[in-house]
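Trainee: Residues per chain are reported as follows:
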Amino acid sequence: MTLPLLRISELRKQFSGVEVLKGINLEVRIGETVAILGASGSGKSTLLRCVNCLEVASGGSIWVGDELMGYRQGSGETVRRLTESQIAVQRRNVGMVFQNFNLFPHWTVLQNITDGPRSILKLSKADAIERSMTLLARVGLADRANAYPRQLSGGQQQRVAIARALALEPALLLFDEPTSALDPENVSEVTDVMAALAASGATMLVVTHELGFARAAADRVVFMDGGVILEQGSPTEVFDHSQQPRTREFLRKTLV
Amino acid sequence: MATLPSNQTDFELPLTQHPVDVAHALAPRRPATWVLSIITVVVAAQIVHLFLTNPNFEWDVVGQYLNSETVLQGVVMTLFLTVTAMTIGLVLGGVLAVCRLSDNTLLRVLASSYIWLFRGTPQLVQLIFWFNIGLLVPVLSIGIPFGPTFASIESNTLVTPLLAAIVGLGLHDAAYQAEIYRAGLISVDEGQLEAAQALGMKPVRVFFRIQLPQAMRFIVPPTFNSIIALVKGTSLVSVIGGAELLFSVKEIYSQTYQTVPLLIVASIWYLFITTVLNGVQFFIERHYGRGASRKSSSSLVARFFDRRAAERTLNRGMES
Ligand SMILES: Nc1ncnc2c1ncn2[C@@H]1O[C@H](COP(=O)(O)OP(=O)(O)O)[C@@H](O)[C@H]1O
Ligand SMILES: [Mg+2]
Numbered sequence: 103m104t105l106p107l108l109r110i111s112e113l114r115k116q117f118s119g120v121e122v123l124k125g126i127n128l129e130v131r132i133g134e135t136v137a138i139l140g141a142s143g144s145g146k147s148t149l150l151r152c153v154n155c156l157e158v159a160s161g162g163s164i165w166v167g168d169e170l171m172g173y174r175q176g177s178g179e180t181v182r183r184l185t186e187s188q189i190a191v192q193r194r195n196v197g198m199v200f201q202n203f204n205l206f207p208h209w210t211v212l213q214n215i216t217d218g219p220r221s222i223l224k225l226s227k228a229d230a231i232e233r234s235m236t237l238l239a240r241v242g243l244a245d246r247a248n249a250y251p252r253q254l255s256g257g258q259q260q261r262v263a264i265a266r267a268l269a270l271e272p273a274l275l276l277f278d279e280p281t282s283a284l285d286p287e288n289v290s291e292v293t294d295v296m297a298a299l300a301a302s303g304a305t306m307l308v309v310t311h312e313l314g315f316a317r318a319a320a321d322r323v324v325f326m327d328g329g330v331i332l333e334q335g336s337p338t339e340v341f342d343h344s345q346q347p348r349t350r351e352f353l354r355k356t357l358v
Numbered sequence: 037m038a039t040l041p042s043n044q045t046d047f048e049l050p051l052t053q054h055p056v057d058v059a060h061a062l063a064p065r066r067p068a069t070w071v072l073s074i075i076t077v078v079v080a081a082q083i084v085h086l087f088l089t090n091p092n093f094e095w096d097v098v099g100q101y102l103n104s105e106t107v108l109q110g111v112v113m114t115l116f117l118t119v120t121a122m123t124i125g126l127v128l129g130g131v132l133a134v135c136r137l138s139d140n141t142l143l144r145v146l147a148s149s150y151i152w153l154f155r156g157t158p159q160l161v162q163l164i165f166w167f168n169i170g171l172l173v174p175v176l177s178i179g180i181p182f183g184p185t186f187a188s189i190e191s192n193t194l195v196t197p198l199l200a201a202i203v204g205l206g207l208h209d210a211a212y213q214a215e216i217y218r219a220g221l222i223s224v225d226e227g228q229l230e231a232a233q234a235l236g237m238k239p240v241r242v243f244f245r246i247q248l249p250q251a252m253r254f255i256v257p258p259t260f261n262s263i264i265a266l267v268k269g270t271s272l273v274s275v276i277g278g279a280e281l282l283f284s285v286k287e288i289y290s291q292t293y294q295t296v297p298l299l300i301v302a303s304i305w306y307l308f309i310t311t312v313l314n315g316v317q318f319f320i321e322r323h324y325g326r327g328a329s330r331k332s333s334s335s336l337v338a339r340f341f342d343r344r345a346a347e348r349t350l351n352r353g354m355e356s
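Protein sequences, first through last, are from chains A and B.
Under the working numbering, the residues of the first sequence are numbered 103 to 358, in order.
Under the working numbering, the residues of the second sequence are numbered 37 to 356, in order.
If you're looking for bench data, these hints aren't it; they were derived computationally from the structure.
Certain hints may be false.
[To be verified] Where chain B lies over chain A, by a calculated footprint (3+ residues, C-beta under 8 Å): (1) 205-212; (2) 217-225; (3) 247-253.
[To be verified] Here are the simulated SDA-like pairs of lysine to any residue, each with C-alpha atoms no more than 20 Å apart in a straight line: (4) Lys238/B <-> Val191/A; (5) Lys238/B <-> Arg194/A; (6) Lys355/A <-> Asp327/A; (7) Lys238/B <-> Glu271/A; (8) Lys286/B <-> Asn103/B; (9) Lys124/A <-> Arg114/A; (10) Lys238/B <-> Arg220/A; (11) Lys238/B <-> Leu184/A; (12) Lys238/B <-> Tyr173/A; (13) Lys238/B <-> Leu170/A; (14) Lys238/B <-> Thr185/A; (15) Lys238/B <-> Gln213/A; (16) Lys238/B <-> Leu270/A; (17) Lys224/A <-> Val242/B; (18) Lys238/B <-> Leu223/A; (19) Lys268/B <-> Glu287/B.
This structure is a prediction, so every number in the text was calculated from the model and none was measured.
No residue lacks a Cβ here, since even glycine has one placed at the ideal position from N, Cα and C.
Take the sequences, apply the hints, and build the full model.
Mentor: Below, the structure written as structure tokens:
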């Protein structure tokens, strides 16, 4: 049994007094792909954003490897919050792909991908370009290296965003509904890339409404409802033999 | 609603003799545009005619003074005031904007108060105020706050019209510039900042590499507005005796009484400076417009430079 790379314990999050995450416990082992399902507003995005400190948790803890995300343990019981710069260093181990791609529109595709390796990993320009072109080839966009993001389709932009995240070689990849902003015919070009990643041994936490992708590519499926994890298990356990009426209702509505 | 056919099949396609091809269609008729254009041209021609033929403009006098030494000195002073005040405005304005957007309450309050004060009082009043700072603070000293002083100087010796002008124009401009920066900075989508953070960029880099370049598209046009306002605003300095362009022509026409032609001399120079600024603005906007649109730019000049840029990126791509 491999080690847990991500360990979320008793994670709580409030927005102005309203509890949105109510004690989440979740582990993701090295090489595992975990899909998170759940209705809109159930707290999936908030959970992902807490993992790389885009949101500050209200309680509990998140470990990525041996890093306590957002904090440093002092002597004894004390825990001290890190500065933004220190958090930036922790985030280099966690890649994130957003629903709206969020490519930098003032940079070409190649610049979007090379910037991280150049400025953060301190690769030479030639090495950074070589790594980026390899990644672009992997997502099938080597010929669009000099395009600007707005000149690409949504599916192409999302594949560039995946390449950008991969360029830093993060230990953990977070995906927040990566295909929800796409036209239906562009969904598979992105889920295909993600499935290949999962098969190649990447550690991924994926919020998605693509049940087909979850069933095929995920090692484990987690169902969230109202800020708690209601149920989790293998795709077969959750999709075909769910123990929870709420899960079954959600699956029925999503499949229609 | 009632006029719409209730059912698509009620439509009958018009029967045409020939198949239609819109490739060689004529432009639409626009009679109103024609009438208005003719009226505008006639009025404009009349105005130009008036300018050229009215002897009161004294174009020969204009020609005589346009390059005179006094006027040229005034032009240089106007340019100098513009550049120094603009530099103060751009730098201090940036600091103020960042403070105003910071999480630190003290910095926010200080920046807001500054903007409130310097935007809320007339520029002319501020200029006269700085020129007379000696009335408020007779002696300026350097030293430890509330402790010993190392050096001191009388305000009236230090604050010449020139210094008062630079400080007065610059501090006023900074208040406006701060708001221009802030408007640009908050217009950048939050998702951009989150993506940069998620990649592990540190805050300073997120600001200078992601937020500011995208904000520049919204910052540049109003900034040139305010630089052009500053060029003309330097004429206020004549009130405190700064020898800029308006002051120089005033000096001449107060002796020769050729008021109109000398004001035209000044106007021609102001127009010349602002025209050059318009050109600079065009190129800066182009630079920060990269990637902003799906379309490529359409003007001839823009297309020429686009091709050059495309060739450059292509070459760069080849190298890799
Ligand atoms: N910044 C915020 N401020 C206040 N409430 C928020 C904020 N972000 C999310 N929420 C609330 O938290 C709940 C969970 O949101 P989210 O994590 O985005 O759900 P999901 O991604 O599952 O659709 C929702 O009720 C949402 O309204
Ligand atoms: Mg969401």
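Trainee: Checking one constraint from the list: CA of lysine 268/B to CA of glutamate 287/B, max 20 Å. Satisfied?
Mentor: Distance of about 18 Å is within 20 Å: holds.
Trainee: Mind checking the alpha carbons of lysine 238/B and arginine 220/A for me, to see if they're no more than 20 Å apart?
Mentor: Satisfied, since the Cα-Cα distance of roughly 14 Å is no more than 20 Å.
Trainee: For the pair we were handed, lysine 238/B and leucine 170/A, check the Cα-Cα distance against 20 Å.
Mentor: Holds, at about 18 Å.
Trainee: Given the hint that lysine 238/B pairs with tyrosine 173/A, does the C-alpha gap stay at or below 20 Å?
Mentor: holds (16 Å)
Trainee: Given the hinted pair lysine 238/B and valine 191/A, is their alpha-carbon gap at most 20 Å?
Mentor: Holds: lysine 238/B and valine 191/A sit about 8 Å apart, inside 20 Å.
Trainee: Does lysine 238/B pair with threonine 185/A here, judged by a C-alpha cut-off of 20 Å?
Mentor: OK: lysine 238/B and threonine 185/A at ~10 Å, within 20 Å.
Trainee: Does leucine 184/A lie within 20 Å of lysine 238/B when you go C-alpha to C-alpha?
Mentor: Holds, at about 13 Å.
Trainee: Compare the distance between the alpha carbons of lysine 355/A and aspartate 327/A with 20 Å, and conclude whether the hinted pair is satisfied.
Mentor: With Cα atoms ~14 Å apart, lysine 355/A and aspartate 327/A stay inside 20 Å; holds.
Trainee: Mind checking the alpha carbons of lysine 238/B and arginine 194/A for me, to see if they're no more than 20 Å apart?
Mentor: holds (11 Å)
Trainee: Count the residues of the stretch 217-225 of chain A whose CB lies closer than 8 Å to any CB of chain B, then report whether that count reaches three.
Mentor: Contact hint for the stretch 217-225 of chain A vs chain B: holds, 4 residues under 8 Å.
Trainee: Are three or more residues of the stretch 205-212 of chain A within 8 Å, CB to CB, of chain B?
Mentor: holds (count 7)
Trainee: CA of lysine 238/B to CA of glutamate 271/A, is that 20 Å or under?
Mentor: holds (18 Å)
Consistency note: the structure conflicts with none of the earlier hints.
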